[in-house]
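**Q** Heads up: the protein sequence lines correspond to chains R and H, in order.
Converting from the first sequence to our numbering requires adding 6 to each position, the first position being numbered 1.
Converting from the second sequence to our numbering requires adding 1 to each position, the first position being numbered 1.
In case anyone wonders, no lab produced these hints; they're calculated from the structure.
C-beta: ideal position from N, C-alpha, C; glycine also.
Since no wrong hints were added, every one of them can be taken at face value.
Derived contacts from chain H toward chain R, CB cut-off under 10 angstroms, selection only:
| no. | residue |
| --- | --- |
| 1 | Gln278 |
| 2 | Arg416 |
| 3 | Ile436 |
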Amino acid sequence: MFNPFEDFKEFLSKVRTLPLDRLSAAHDQIMAELTSGYGKLVEQELKSLVWFVEHNRVVEAYETAAEVIKNLSYDAHSIEDFCYVLDSGVDIPYLISGPAGIYVAALCNHVAEEKIVLRLGEMERRLHFLGYRLPYGKSLRIEGDTGNFTGSALQGGDITVTGATGDWTGAGMTEGKISIHKNCGRNTGEWMQGGEIWVGSRIRGLGRITSGQIYQAGEAITEQA
Amino acid sequence: MENGKYRHTVRELYDFIRSRLYFNRPDLQVRGEQFNSTLLFTLLTALTGGKALIIGEPGLGKTTAAEYVGSLIYQLPVGTVWAGEVGGHPEQTEEKIIGRPDLGKLNQGQEEVIWSYFVQLPVKIVDEINRLPETKQSMILDGVDRGNWEYLNEMILNSEYCLFATANYQDQGTNTIIAPLLDRFDVMVESRHPGPSYAFMISQRQEKEELLRHPDLERKLQDALKKRPTPEEKDSQIAAIAEAFGAHLEESLQLPTLDHTSRTKVREQIASIDLDQDANAYTRMLLAELSFCDRHGQKRSNEVCEEGCHYTGYLCHRLRNCASNRLPVSLSNYAKALAWFTEASTVGIEEMRAVGPYCLAHRAQWTDTHLSLLQKDRRNDPLQIHLAREAMNEVFQRYSEQAEHVKEALATAYRIFQGEALEPVAGDHPIYAEIQKDLNLEK
Numbered sequence: 007m008f009n010p011f012e013d014f015k016e017f018l019s020k021v022r023t024l025p026l027d028r029l030s031a032a033h034d035q036i037m038a039e040l041t042s043g044y045g046k047l048v049e050q051e052l053k054s055l056v057w058f059v060e061h062n063r064v065v066e067a068y069e070t071a072a073e074v075i076k077n078l079s080y081d082a083h084s085i086e087d088f089c090y091v092l093d094s095g096v097d098i099p100y101l102i103s104g105p106a107g108i109y110v111a112a113l114c115n116h117v118a119e120e121k122i123v124l125r126l127g128e129m130e131r132r133l134h135f136l137g138y139r140l141p142y143g144k145s146l147r148i149e150g151d152t153g154n155f156t157g158s159a160l161q162g163g164d165i166t167v168t169g170a171t172g173d174w175t176g177a178g179m180t181e182g183k184i185s186i187h188k189n190c191g192r193n194t195g196e197w198m199q200g201g202e203i204w205v206g207s208r209i210r211g212l213g214r215i216t217s218g219q220i221y222q223a224g225e226a227i228t229e230q231a
Numbered sequence: 002m003e004n005g006k007y008r009h010t011v012r013e014l015y016d017f018i019r020s021r022l023y024f025n026r027p028d029l030q031v032r033g034e035q036f037n038s039t040l041l042f043t044l045l046t047a048l049t050g051g052k053a054l055i056i057g058e059p060g061l062g063k064t065t066a067a068e069y070v071g072s073l074i075y076q077l078p079v080g081t082v083w084a085g086e087v088g089g090h091p092e093q094t095e096e097k098i099i100g101r102p103d104l105g106k107l108n109q110g111q112e113e114v115i116w117s118y119f120v121q122l123p124v125k126i127v128d129e130i131n132r133l134p135e136t137k138q139s140m141i142l143d144g145v146d147r148g149n150w151e152y153l154n155e156m157i158l159n160s161e162y163c164l165f166a167t168a169n170y171q172d173q174g175t176n177t178i179i180a181p182l183l184d185r186f187d188v189m190v191e192s193r194h195p196g197p198s199y200a201f202m203i204s205q206r207q208e209k210e211e212l213l214r215h216p217d218l219e220r221k222l223q224d225a226l227k228k229r230p231t232p233e234e235k236d237s238q239i240a241a242i243a244e245a246f247g248a249h250l251e252e253s254l255q256l257p258t259l260d261h262t263s264r265t266k267v268r269e270q271i272a273s274i275d276l277d278q279d280a281n282a283y284t285r286m287l288l289a290e291l292s293f294c295d296r297h298g299q300k301r302s303n304e305v306c307e308e309g310c311h312y313t314g315y316l317c318h319r320l321r322n323c324a325s326n327r328l329p330v331s332l333s334n335y336a337k338a339l340a341w342f343t344e345a346s347t348v349g350i351e352e353m354r355a356v357g358p359y360c361l362a363h364r365a366q367w368t369d370t371h372l373s374l375l376q377k378d379r380r381n382d383p384l385q386i387h388l389a390r391e392a393m394n395e396v397f398q399r400y401s402e403q404a405e406h407v408k409e410a411l412a413t414a415y416r417i418f419q420g421e422a423l424e425p426v427a428g429d430h431p432i433y434a435e436i437q438k439d440l441n442l443e444k
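For reference, chain R alone in the conformation it holds in the complex:
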């Protein structure tokens, strides 16, 4: 009997992929790699079960983070997306905000782009250590609030926070500039050895400042050595 669909005998169906599907797949792949890298860092840091902010621990955590991200391919936009992955906690079994922030800082310091914008206003958590060791030539703009140790050990980079920062902002920074549009917490500029911190509104407390300058509402509030 004549088959009325004979003309489609040779039709080979193609799996249709929309451009968005391809973008989404690429994005998922990057997020999986970044999450895996963070997992390796956490695995290392979990040995002590409780994470203390000690200088050596921070340095070690940063070096581990720099090592695990060495071969990852990502861009500044992926870092912002990863912050939300961290915030959601869905794929992150152990969110420890210290190492998480150090990991994000390492990502910012090693990304190819010089200008990085993180729109974190929608995040429920505040990440610590954002801008840690940001090198000269890089600028980091954070839209929203950040946790403690923002811009600590800054190495010449330029950080802008459109919201407020927590305690120990700019701790141990050697050079560079941190601009905070709103408030910042206690121990601001602790062991600061150079650079500038500009605060738009209230500073809850200053740390022991070795060198550098802190401005509040445009006025210098530290004495120059």
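For chain R, the structure is supplied; the task is to place chain H on it using the hints.
**A** Okay, now just chain H, sitting in the frame of chain R:
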């Protein structure tokens, strides 16, 4: 090689008519090339042996376009084409259109028919067909459809012919063209006003008809048509005179033409062009929308599609009638001819979309609601062609969104038909329901 030779000849004929005989603006674009739709479809009709209804205001070149094209494609002097024309008017009779008894022989007790030139010539033109009363239109139904002309106990069968009918817009002297006759036309085109500049040019070139006249050959042709030799003898006499006219055109105008053998070859070449899968699936989707009714199984002109039908978004809800089987034949024939003319290797959706509005316009009977919604649209086409074009575009939009799905459904249907135990591909378009009906799987 021959393919290119024939196409080149037809192109030359098109250009000759466009530049010397029928002046009008281009109004149709196919594969980046501009054409005048009246001239293009008249030419394709003559080439394929089709039937075209040419509508328009009086005096805008409906009949002359058909005469020029018919004359050049069939190598007939235009005077002979005029002699074969039939005029539509209320007093028209079968004896004037088809044939009459040979009264001299009848007196001697012999019944013989004198066939009209209209019936005998391959180029048939019915001028102002809508002035024929509806009761008399049925006289030419069979002849229009199959080339069979019967009178008394005799029959003449045209092996090669094309038919053009012209119609003015509705006025006091016109009648409605009955649906069965309308459906027999493959295409409907409008011969439009050419614009002031071309109209002025026409006024300056009144000698143009003389280019296709040849009184001597016209007389010879009339003599041949009057005689009653065997059909083969008559055909060969007419063919010889036609070839002589072709030679005259070649010599006087350096214009090559096609003889009977060449026209047959052209038709073979056109018929051998395949439809690609998209054109095939798109046409099936269009036909599904034009013939489908969820409530009543199919469209019927005496049944109304009720409000609340699930398929109110599709063409079936806006139509009153069902597409006949002549529609896909016309679509396929003209799309293939257009592909041949534009040097496309296969018929694609572009050819289907180009010919579709002209094949559908006179066949679709839209609901009053739909007509009232669209009749005030800004447009260049007459309403019927405009509505058909919009319908084709709408189906094309739907096809573009689900082309792979539709083809998948048709490919799966092929496998189910061959006996494989598969689930038919489902979707929200009448085509999927129609495929299930073909597979006897309708729920």
